[in-house]
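The task is simple: from the sequences and hints, build the whole structure.
Going down the list, the sequences are from chains G and L.
Count along the first sequence from 1, then add 1079; that gives the number in my numbering.
Count along the second sequence from 1, then add 520; that gives the number in my numbering.
I should point out that these hints are in silico values taken from the structure, not numbers from a laboratory.
We put the CB at the ideal spot given by N, CA and C, even for glycine.
No false leads were mixed into what you were given.
Taking beta-carbon pairs under 8 angstroms as the criterion, some of the chain G residues facing chain L (in silico):
id, residue
1, H1232
2, F1235
3, G1441
4, D1444
5, C1449
6, L1581
7, V1583
8, A1584
9, C1585
10, E1587
11, N1589
12, D1591
13, H1594
14, L1595
Computed footprint of chain G on chain L, listed as stretches where at least three residues anywhere in the stretch have a Cβ under 8 angstroms from a Cβ of chain G:
id, segment
15, 546-552
16, 593-601
17, 619-632
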Amino acid sequence: MFSRPLSARAALLAGVLVALCELVPAQPRPNAVNTLPRTADGKPNLQGIWQVRSRAAYDLQDHAARQGMPAGRGVVEGGEIPYQPWAAVKKLENFATRQTADPLNKCFMPGVPRIMYMEFPFHIFQTPEHVAITFEWSQVHRLIYTNGKPALHEGFESWMGSSRGHWEGDTLVVSVTDHNDKTWLDMAGDFHSDALKVTERYTLLDADTIQYEATLEDSKVFTKPWKISVALIRQKNVDRILEYQCQAEAEEAAGLFERDPRTWYPAPGSPMQAKAAMPAPGTLPPVKTGTNLRRTADGKPDLSGYYQSQGGGANYGLERRGREFVMTPTTQGVVIDPADRLLPYQPWARAERVERELPHHGYDDPTAHCFVAGIPRSTYVPSPMQILQPPGYVVILHERMSWRQIPLDGRPHIPDNVRLWQGDSVGHWEGDTLVVDTTNMNGKTWLNEVGDVMSHAAHIVEQFIPVGPEKIIYRATVTDPIAYTRPWTIEIPMDRQQEELLEVACHEDNGDLQHLKDVRDEFRAKQPQAK
Amino acid sequence: MRIKLLASTFVLATLIAGNALAHHSFTAEFDQNKPVKLEGKVIEMNWANPHAWIYLEVMKDGKPVKWSLETGAANALIRRGWKKTDLPAGTILKVDAWQARNGSNTGNVSSVIFADGRRLFAGSSNESAPKQ
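As structure tokens, then:
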């Protein structure tokens, strides 16, 4: 089963028109050929928000209704998946135990093609070199290289596989390899091995419909290649996809990740009124942008590429410190305002910061649970990122599986009562500097492992200042009236490298979390009054 | 083969500032005052996330003891030149690590040294960790 409650699923499903499988030939509709949206380089423009119209996620084959699973028509060409005899038996076992055995129940990444036909929307972004897909489900992403270069790290097995694409006429053809053998193809237990090769074909039938076809080859499991076909429908009623952090929601619901009433939204009793009293940020010397920048076709600085931030130990503390510890050497820190390089904490928040660093709070850091790092921490966790500049957006894919999509069209933030792990970001250019404004944080994230504090009230203004073709100076000014007495700013350089993202499926085997929980539980047992 | 607790910090340790603890607090789980040098035989290496694990059989007082040794994530190891075929079962290995706070035979690896002297660092993709 999905992690959504059954009742919610049933309600949702009741409202959805029965979408029968539509095996349309993958050719643009004749009257649509000349009206297909196209990119500047003449390719069909797939960019936008899409969601499947099919019940393939339940069962790829024709199926009767069962609890939590409406009846549905199959999407397999020819009707049957051509399993080898042993695999047909295994599939039946999977089906019988699906309530517990489905890897999706553990919030493991769904793999390709499954994620393409789950009932969650996704956003396709398109540049001349890449097609990127950001999914609402757990902020998973795919980066499909269409630049013709071979993968840098061939053979690196992962949940989502390795995707390389090319255009055949008006169809995007993507070869997906290096799958692990742990994902399923649907909720009915259809499965594959690590020998799986998926060939996807994306064809725009008209401006609002993609015919998505996937051919699956796996000599260990199937007797021959087989093909599925579903329609992806443009979602015109939404301007952004939001989030469904599967693992975080599951742990929170199970009491394994506990609420902090001082920082989380909504926060009864938190001093929201302090907002008015916040002084303006300090004035900082400006950073000069480079004169030899790479530029996009529209003349903006081209920031795209793979970056590793030179985090200066920010994930182990933002402030200057002189503490002797092998893992966190003496550092000037990354705070550049205030001038003393210390964060302008309110007393309660300073006390909280000191408390959080104690070993029994190691468990409380959301990233120890493999949850999303938040803003600005996503920039300086020791994990790389890929920046893309599709038309109208800057998109950041974080290797530790989360994304940010930053619209540049001047749209307002989402309503205040929608709160997200990565917040809501909108951006604009000021000269050659990309300025990103983020609000709607949920207050659950820590600023680093030692627990620098940020609340849901934080307003974060980031500057991506290109100082050369391969280097960005990153500044983030945080205004958080619940935790601080004044705004503060950090600065971190980011270097572009010739590398490619490799998937980090963080919670697949997170043994550390139990160790950290043991430390916490032992402490609590000794001091039952401790928080 | 032996287990030796060192009183002082490794020289090496200063090189790997901010290493493998990409996703959780080092100090909460491991004890910086308990660096250990282990020598033993690889039982298995599990290329997992958020950390890969080396399971090492170490002889103590004539009896085999199993250690669980955490490294960086699989992708960090690949970028540092590790290959999945590097550590087949039975490989003899020296390991520098920090022991877990709870005193269990669990450690956070800083580097491994093969019988031929080749050394691999086990850290994350953190900028301040050494490339091998």
